[in-house]
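Undergrad: Going down the list, the protein sequences come from chains A, B and C. The first sequence begins at 40 in our numbering and counts up by one. The second sequence begins at 32 in our numbering and counts up by one. The third sequence begins at 95 in our numbering and counts up by one.
Watch out, some of these pointers could steer you wrong.
Now the in silico label distances, taken between C-beta atoms and shown as ranges [unchecked claim]:
#: 1; chain 1: C; residue 1: P107; chain 2: B; residue 2: F69; range: 45 to 53 Å
#: 2; chain 1: A; residue 1: P383; chain 2: B; residue 2: L79; range: 21 to 29 Å
#: 3; chain 1: C; residue 1: R359; chain 2: B; residue 2: R191; range: 26 to 34 Å
#: 4; chain 1: B; residue 1: F69; chain 2: A; residue 2: G119; range: 37 to 45 Å
Chain B regions said to be covered by chain C (calculated; three or more residues, Cβ under 8 Å) [claimed, not checked]:
#: 5; segment: 106 to 116
#: 6; segment: 124 to 136
#: 7; segment: 272 to 281
FYI, nobody ran anything at the bench for these hints, they're computed from the structure. Glycine included, every Cβ here is placed at the ideal spot set by N, Cα and C.
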Amino acid sequence: MEKIDTEFKSDLIEIAAERYKSGRLSRRGFVSAMGALGLVPLLGDRAMAQASELVVCNWGGQASEILAELLGKAYEAETGIPVRVDGAGPSAGKVRAMVESGAVVWDVCDSGAGSAIVMNEAGVIQEIDYNIVDRNKVLKGTALPFAIGNYVFSYALSYNPTMLPGGTPRTWADVWNVEAFPGMRTFRKSVRGQLEAAALAMGVAKEDVYTFLDDEGIKAAIAKFRALRDNIIVWGSGADSQNLFLQGEVAMGNIYSTRAFLLRDQMEPGTFEMTFDGAVLQPGMWVVPKNNPAGTEAAMNFIATCQNPELQAEWFAAIGNAPINPAAAELVPAELAFLNPNSPENVAKQVIYNDEWYGKNQVSAEELYIDALIG
Amino acid sequence: MARSPLRIFFATGSWAILAFLVLPILVVIPVSLTDTAFIGLPKDHLSLQHFDTFLHSPKWLWATWTSVWIGAIVAAASTALGTAFCIGCWFLSDRAAMIARWVMIVPILVPPVVQSLGFYKFWVTLGLIDTHFGVILAHTLLALPYVTISVFAALTNLDRRIPQAARNLGAPLGMAIRTVILPSIRPGMFTGAIFAFIVSFDEIVGVLFITVRQVETLPKMIWEGIQESIDPVIAAVATILVLMTLLVTAATVARSYMSSKPKLT
Amino acid sequence: MNEKLHYWMLALPALAVMIVFYIWPVLNIWGISVTEPSTGLDNYTRMFDSNAVRVSFVLTFRIAAVTTIMCLLLGYVLAYTISNFATRVTPLMLGLVLLPFWVSVLVRSFAWIVLLGRSGLVNDALIDTGLITSPIRIMHNELGVLIAMVHVMLPFAVLPMLTNMRGIDDSYVKAARGLGASEWRAFREVYFPQTLPGVFSGGLLVFVLSLGFYITPALLGGGRVMMISEYITYQIQEFLNWGLGAALSVALLVATALVLLVAGRFVNLRKTFLERG
Numbered sequence: 040m041e042k043i044d045t046e047f048k049s050d051l052i053e054i055a056a057e058r059y060k061s062g063r064l065s066r067r068g069f070v071s072a073m074g075a076l077g078l079v080p081l082l083g084d085r086a087m088a089q090a091s092e093l094v095v096c097n098w099g100g101q102a103s104e105i106l107a108e109l110l111g112k113a114y115e116a117e118t119g120i121p122v123r124v125d126g127a128g129p130s131a132g133k134v135r136a137m138v139e140s141g142a143v144v145w146d147v148c149d150s151g152a153g154s155a156i157v158m159n160e161a162g163v164i165q166e167i168d169y170n171i172v173d174r175n176k177v178l179k180g181t182a183l184p185f186a187i188g189n190y191v192f193s194y195a196l197s198y199n200p201t202m203l204p205g206g207t208p209r210t211w212a213d214v215w216n217v218e219a220f221p222g223m224r225t226f227r228k229s230v231r232g233q234l235e236a237a238a239l240a241m242g243v244a245k246e247d248v249y250t251f252l253d254d255e256g257i258k259a260a261i262a263k264f265r266a267l268r269d270n271i272i273v274w275g276s277g278a279d280s281q282n283l284f285l286q287g288e289v290a291m292g293n294i295y296s297t298r299a300f301l302l303r304d305q306m307e308p309g310t311f312e313m314t315f316d317g318a319v320l321q322p323g324m325w326v327v328p329k330n331n332p333a334g335t336e337a338a339m340n341f342i343a344t345c346q347n348p349e350l351q352a353e354w355f356a357a358i359g360n361a362p363i364n365p366a367a368a369e370l371v372p373a374e375l376a377f378l379n380p381n382s383p384e385n386v387a388k389q390v391i392y393n394d395e396w397y398g399k400n401q402v403s404a405e406e407l408y409i410d411a412l413i414g
Numbered sequence: 032m033a034r035s036p037l038r039i040f041f042a043t044g045s046w047a048i049l050a051f052l053v054l055p056i057l058v059v060i061p062v063s064l065t066d067t068a069f070i071g072l073p074k075d076h077l078s079l080q081h082f083d084t085f086l087h088s089p090k091w092l093w094a095t096w097t098s099v100w101i102g103a104i105v106a107a108a109s110t111a112l113g114t115a116f117c118i119g120c121w122f123l124s125d126r127a128a129m130i131a132r133w134v135m136i137v138p139i140l141v142p143p144v145v146q147s148l149g150f151y152k153f154w155v156t157l158g159l160i161d162t163h164f165g166v167i168l169a170h171t172l173l174a175l176p177y178v179t180i181s182v183f184a185a186l187t188n189l190d191r192r193i194p195q196a197a198r199n200l201g202a203p204l205g206m207a208i209r210t211v212i213l214p215s216i217r218p219g220m221f222t223g224a225i226f227a228f229i230v231s232f233d234e235i236v237g238v239l240f241i242t243v244r245q246v247e248t249l250p251k252m253i254w255e256g257i258q259e260s261i262d263p264v265i266a267a268v269a270t271i272l273v274l275m276t277l278l279v280t281a282a283t284v285a286r287s288y289m290s291s292k293p294k295l296t
Numbered sequence: 095m096n097e098k099l100h101y102w103m104l105a106l107p108a109l110a111v112m113i114v115f116y117i118w119p120v121l122n123i124w125g126i127s128v129t130e131p132s133t134g135l136d137n138y139t140r141m142f143d144s145n146a147v148r149v150s151f152v153l154t155f156r157i158a159a160v161t162t163i164m165c166l167l168l169g170y171v172l173a174y175t176i177s178n179f180a181t182r183v184t185p186l187m188l189g190l191v192l193l194p195f196w197v198s199v200l201v202r203s204f205a206w207i208v209l210l211g212r213s214g215l216v217n218d219a220l221i222d223t224g225l226i227t228s229p230i231r232i233m234h235n236e237l238g239v240l241i242a243m244v245h246v247m248l249p250f251a252v253l254p255m256l257t258n259m260r261g262i263d264d265s266y267v268k269a270a271r272g273l274g275a276s277e278w279r280a281f282r283e284v285y286f287p288q289t290l291p292g293v294f295s296g297g298l299l300v301f302v303l304s305l306g307f308y309i310t311p312a313l314l315g316g317g318r319v320m321m322i323s324e325y326i327t328y329q330i331q332e333f334l335n336w337g338l339g340a341a342l343s344v345a346l347l348v349a350t351a352l353v354l355l356v357a358g359r360f361v362n363l364r365k366t367f368l369e370r371g
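My request is simple: use the sequences and hints to build the entire structure.
TA: Pasting the structure below:
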């Protein structure tokens with residue numbers, strides 16, 4: 040009786056292990072199946088030593104395909120671990136839900152500095168292991184304890200010339216000039232990268248934007264949005280902003296340069312333009328959720344792989360995510376350099392995103408911003 | 032009856048309003064047949080390519096199947112629970128039973144986002160986040176009000192003395208329910224089960240809160256599709272759902288024509 | 095007594111499940127609102143001090159009110175026609191009223207997006223027929239949200255009115271007509287007052303359900319028609335601000351309860367909610 044039972048159990052283990060390997064059973068499912076059989080102690084750590092796959096989550100669309108093809112394949116070639124990309128959009132809310140549920144399926148997430156801080160405060164992301172990841176292979180100031188820069192993008196003024204027969208906007212002041220440049224505008228449903236535009240529209244020099252945006256300055260910038268609000272449609276996600284341009288809902292707006300990069304290809308020639316003048320340059324961030332299924336090491340290795348300058352340059356050429364590794368700048372194809380938010384010429388035109396300012400002011404500014412836009 | 036102005040006003044008004052109710056839904060049909068890669072009317076010819084995409088997409092098919100089987104379990108569970116509840120309350124017919132009936136319909140009154148927030152926090156402690164069981168439980172709770180309303184409606188038409196007579200003749204409660212009550216409230220149970228299935232099949236807000244990646248339902252895929260992409264496959268999915276509804280409606284209307292003259296009840 | 099116990103045994107499983115897994119978690123939201131991020135009423139002070147919250151609440155009630163009025167007007171016409179003019183098409187009409195009921199709100203929102211966009215079918219058609227020269231804004235604003243919400247809520251208004259109208263004895267109207275009243279006068283003074291319970295019932299149902307709308311405004315509002323439900327979701331999803339989200343939820347719940355309490359003086363709540371056909 041005892042013997043049969045053991046055989047039966049070992050059979051079950053094999054089935055479960057097989058399923059786990061082929062990806063049909065999640066790690067949690069695997070562990071709980073083992074637990075149900077009273078076998079977790081037998082299992083030891085060995086079964087988990089080699090992760091079967093690494094899941095990277097980003098924001099969907101072409102960006103997911105490119106990530107899988109380029110960085111995913113490179114990582115698989117290095118480690119033998121295949122990479123799956125999930126385009127579900129790792130918002131702070133979803134990452135927290137996943138970690139709290141105990142069923143984490145993402146190993147590495149494409150996030151931003153603001154969300155990374157929010158997630159860190161909620162205690163749902165891991166420390167970056169700087170023994171594996173090189174803190175010198177990223178832009179200065181983007182190697183945080185709990186997140187590290189993955190690529191660079193901008194919030195940039197974009198417009199559809201065919202919807203603006205009277206002339207195209209060159210500056211943020213033009214965007215606020217509804218008489219000369221009629222049509223709907225789009226701005227983000229969050230102050231990130233948006234208040235800067237209002238400050239510039241008021242004639243503030245780009246070096247002084249964040250000093251200008253003290254309590255009084257924020258109020259003034261918010262007032263600008265209040266004045267413009269009847270001409271504003273708000274975008275919530277990058278895909279959202281892309282759709283607004285594709286479907287001709289807006290004539291101009293403040294959107295991610297990465298989405299603008301895609302729109303240049305997707306829209307008819309001559310119907311889409313983007314400028315780095317007065318844009319806000321910002322790093323994106325990798326974060327690793329706590330208890331990620333493939334384990335900390337695999338996730339850190341992936342991040343390290345992505346720091347490779349050649350890959351960084353290719354990534355940009357494919358989708359517009361500009362290299363975070365300064366060493367990659369010279370590898371960017373010359374004909375695309377004008378689209379690189381991180382090229383010296385373009386950096387000179389832009390406001391550099393100021394983490395400190397956001398840490399101090401974002402919460403209160405967000406509130407005023409929503410208040411100005413709704414209703 | 033003569034053609035009076037009042038009558039003409041109501042009749043034409045009604046058809047206009049019905050057009051407002053029905054025509055917008057039908058717009059998904061031509062859009063689903065577009066030959067373009069974005070959402071819009073067909074440009075050069077009609078194309079079934081987006082239906083093809085749907086039928087060959089494991090993700091869409093899997094999500095559809097998930098919604099169907101979850102809906103079926105929810106329908107069964109909530110109809111069983113709800114029917115027993117209604118029969119109990121119907122026999123009791125006292126103040127406490129009335130309060131209990133009010134408790135059962137609370138999910139109709141609570142805003143979806145608020146209840147989903149409650150679910151989320153509690154499901155985290157129970158370890159039910161992102162599990163099929165978690166979704167089934169939540170949907171069963173949301174379906175129960177509809178089941179109790181329709182089953183109780185059926186019970187109010189039932190003569191109280193009939194099961195009483197059966198009991199007086201010595202039939203145990205279970206037998207009285209099985210042989211006398213259940214057969215006569217079957218239509219109400221059926222309506223309730225259909226409602227329950229639809230509630231679950233269409234439910235989105237709760238799913239957005241209590242699932243992340245392990246559980247994908249059809250509404251979640253549609254929601255993400257609308258927000259994330261311009262792929263006309265959503266129009267194809269919408270068309271399939273609308274056509275099924277049209278078929279069922281047509282069948283119901285046809286049946287009410289067959290069963291004698293236009294009945295008004 | 096033993097008998098009663100049996101009956102309770104039947105009712106109890108569902109009731110227990112509902113109380114443990116629904117009522118309890120919903121009541122617990124209050125707990126979140128006074129403990130996250132720190133213990134105290136901070137979230138409520140923040141909520142009451144916030145102009146954005148106030149604007150969102152006003153917006154929510156305004157949209158719910160306009161939706162209710164529109165649904166009652168349109169719904170009355172439908173209910174009257176269906177219950178008073180018995181013709182061959184009556185079952186068809188009823189079927190068509192119920193049809194949208196069975197199509198998910200998501201699918202219907204999608205249809206409205208296709209229709210109402212700047213280059214949507216409505217604008218295209220209006221431009222083609224020469225009625226307008228440049229696209230008009232019917233989406234990404236309050237108007238778009240209202241159109242879609244009326245569409246979703248209309249059947250909810252029709253059904254209670256229909257039930258009510260079917261129960262009205264037409265001999266009063268006939269008597270009034272016989273006494274020489276015009277058709278319009280008979281309708282206004284004799285028929286209409288009798289339909290008021292149905293109107294109130296339908297109105298309350300639509301209003302209460304509209305207060306909690308999330309999907310339609312989120313998809314058709316262009317981010318600027320932020321009703322309370324969307325505000326809550328936004329706070330939680332973007333900023334993990336569960337405390338404020340919970341406080342707002344409590345406020346929305348209390349507001350809904352107040353509406354029901356006040357309405358209970360004019361409307362038969364039992365008929366409206368418990369005994370819907």
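Undergrad: Next, verify each hint and record whether it holds.
TA: Structure-based check of all given hints:
1. P107/C x F69/B: 45 to 53 Å: Holds, at about 50 Å.
2. P383/A x L79/B: 21 to 29 Å: violated, 52 Å
3. R359/C x R191/B: 26 to 34 Å: At 32 Å between Cβs, range holds.
4. F69/B x G119/A: 37 to 45 Å: holds, 39 Å
5. 106 to 116: holds (count 4)
6. 124 to 136: holds (count 7)
7. 272 to 281: Our answer is that it holds, as 7 residues pass the Cβ test (under 8 Å) against chain C, meeting three.
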